[in-house]
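Chain W is already provided as a structure; the job is to place chain Z on it using the hints.
Protein chains in written order, with my numbering: chain W, 1 to 157; chain Z, 1 to 255.
Since the hints were derived computationally from the structure, they do not count as laboratory data.
Incorrect hints may have been included.
[Unchecked claim] Derived list of chain W stretches under chain Z, where covered just means 3 residues or more per stretch with a C-beta under 8 Å from a C-beta of chain Z:
no.	region
1	40-52
2	83-90
3	135-144
[Said to hold, decoys possible] Computed footprint of chain W on chain Z, listed as stretches where at least three residues anywhere in the stretch have a Cβ under 8 Å from a Cβ of chain W:
no.	region
4	50-62
5	89-100
6	225-232
If you're wondering where the values come from, they're calculated on a predicted model, not measured in any experiment.
By construction, the Cβ of each residue, glycine as well, lies at the ideal position given by its N, Cα and C atoms.
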Amino acid sequence: MAEMTLERIRELLDAVVDPEIPVLTIAGLGILRNVALSDDGSVLVTITPTYSGCPAMGVIVEDIKAALGNAGVERVEVETVFTPAWTTDWMTDDAREQMANFGIAPPDAVTSTAPTILCPQCASEETKTISEFGSTACKALMVCSSCLEPFDYFKAI
Amino acid sequence: MSPVTTTAPLATYLVRHADDNLIIGQRLAEYISEAPELEEDLAIGNLSLDHIGVAMHLYQYAASLGGAGITADTLAFLRTEREFSNVLLVEQPHVGFGDVIARQFFFAAYQTLLWEALVSSCDETLSGIAAKALKEATYHLRHASGWVVRLGDGTDESHTRMQAAVDGFWRFTGELFESDALVDEMVLAGIGVDPARLQTTWETRVSTVLSEATLTHPSDPYQATGGRTGMHTEHLGYLLAEMQWMQRTFPNMEW
Chain W
1 MAEMTLERIR ELLDAVVDPE IPVLTIAGLG ILRNVALSDD GSVLVTITPT YSGCPAMGVI
61 VEDIKAALGN AGVERVEVET VFTPAWTTDW MTDDAREQMA NFGIAPPDAV TSTAPTILCP
121 QCASEETKTI SEFGSTACKA LMVCSSCLEP FDYFKAI
Chain Z
1 MSPVTTTAPL ATYLVRHADD NLIIGQRLAE YISEAPELEE DLAIGNLSLD HIGVAMHLYQ
61 YAASLGGAGI TADTLAFLRT EREFSNVLLV EQPHVGFGDV IARQFFFAAY QTLLWEALVS
121 SCDETLSGIA AKALKEATYH LRHASGWVVR LGDGTDESHT RMQAAVDGFW RFTGELFESD
181 ALVDEMVLAG IGVDPARLQT TWETRVSTVL SEATLTHPSD PYQATGGRTG MHTEHLGYLL
241 AEMQWMQRTF PNMEW
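Okay, chain W solo, but in the shape it has when bound:
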């Protein structure tokens, strides 16, 4: 087996995506908190849930184990931490861009008091909320007043 480096493990983990928004990696979303490689070759991956009841967490744990296991890492442990609590502010700029291209309006900064949510279809600022809860816990349902298309907004929390 080729020598595993922390760098190589991080590369492998870049292939792990959110099963509900498959254009986003867990690293880009800020779900991946830490990766540790022990001298004996075992890997400890630390993740944090987006929402308490996020049904994707189980799949993410399995995907992490599969991604590393398939590359020859024999001992992989995935640990879930709650502190500090996940925030959309951890999302990378790349992730936000990919999210917008995918048709989901990315979250504004948590501290923003009057967020401007752009329509991911036509970039109009004239948008309004239809429902505080969208297709998943992390999204709200919006509609664009210019192009009339409904779209998901990733809520800032």
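Same frame as chain W, but now just chain Z:
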């Protein structure tokens, strides 16, 4: 000796709050597909998931402090009615959408204050779970408050129904702020919060929304109690029968 209960005081404290969340999560799940519009079905499904997620984390933590064989699943699916310690509010059944909203409104207003206080718990795991749950509860309260106003200040019919729902659940709100020896012990240890000190703020926030909704503040002086000691209303047994059916019928089954 029951193999499914825990005895450590912290575990008992965690299970109380887990029970509150699991039971309201189950109640919300019952209503999915009955909401007045599709968006609300999605919202209610998401609210339910948030609550069940919080319950799962609290049960897992409690189980880790307990004896062998105790897991989040045994706590959720193998305890009997009298072993559940949730407040009576969350087990109350609903008929219409206004009931679902009123119950959620009172409970979310309480939980935002509870989690906010528990963020400062000296127990790091509980504090972490609280920080996460606080973000969700804040959203829940905003959602429920919006509907209380929309229905209360809506048509004559929606106003009447919303008023009836608020009046109906009011008698179950006093229990949210009760203390007992366990709470005192947790407060003394810097782990828990005395719910009595949340009541004034809760009352202010609730009153503000009720007046904006043009609803009359309930004045029923009778307040029910007993959930924390396992003395439930008749509704919990039916809820558990449905929720635990699979595990009781096929013991040790896993997904």
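Taking beta carbons only, do three or more residues of the region 40-52 of chain W come closer than 8 Å to chain Z? Answer holds; 3 residues pass the 8 Å Cβ test.
Can you tell me if the region 89-100 of chain Z counts as covered by chain W, using C-beta to C-beta distances under 8 Å and a minimum of three residues? n = 0 at 8 Å, threshold three: violated.
Outcome, coverage hint (the region 135-144 of chain W, chain Z; C-beta under 8 Å; three residues): holds (count 4)
Can you tell me if the region 83-90 of chain W counts as covered by chain Z, using C-beta to C-beta distances under 8 Å and a minimum of three residues? It holds, with 4 qualifying residues against the three required.
Examine the region 50-62 of chain Z for residues whose CB is less than 8 Å from any CB of chain W, and state whether their number is three or more. holds (count 7)
Checking C-beta pairs, does the region 225-232 of chain Z have three or more residues closer than 8 Å to chain W? Our answer is that it is violated, as 0 residues pass the Cβ test (under 8 Å) against chain W, missing three.
Comparing the model with each earlier hint shows violations of hints 5, 6; every other hint is respected.
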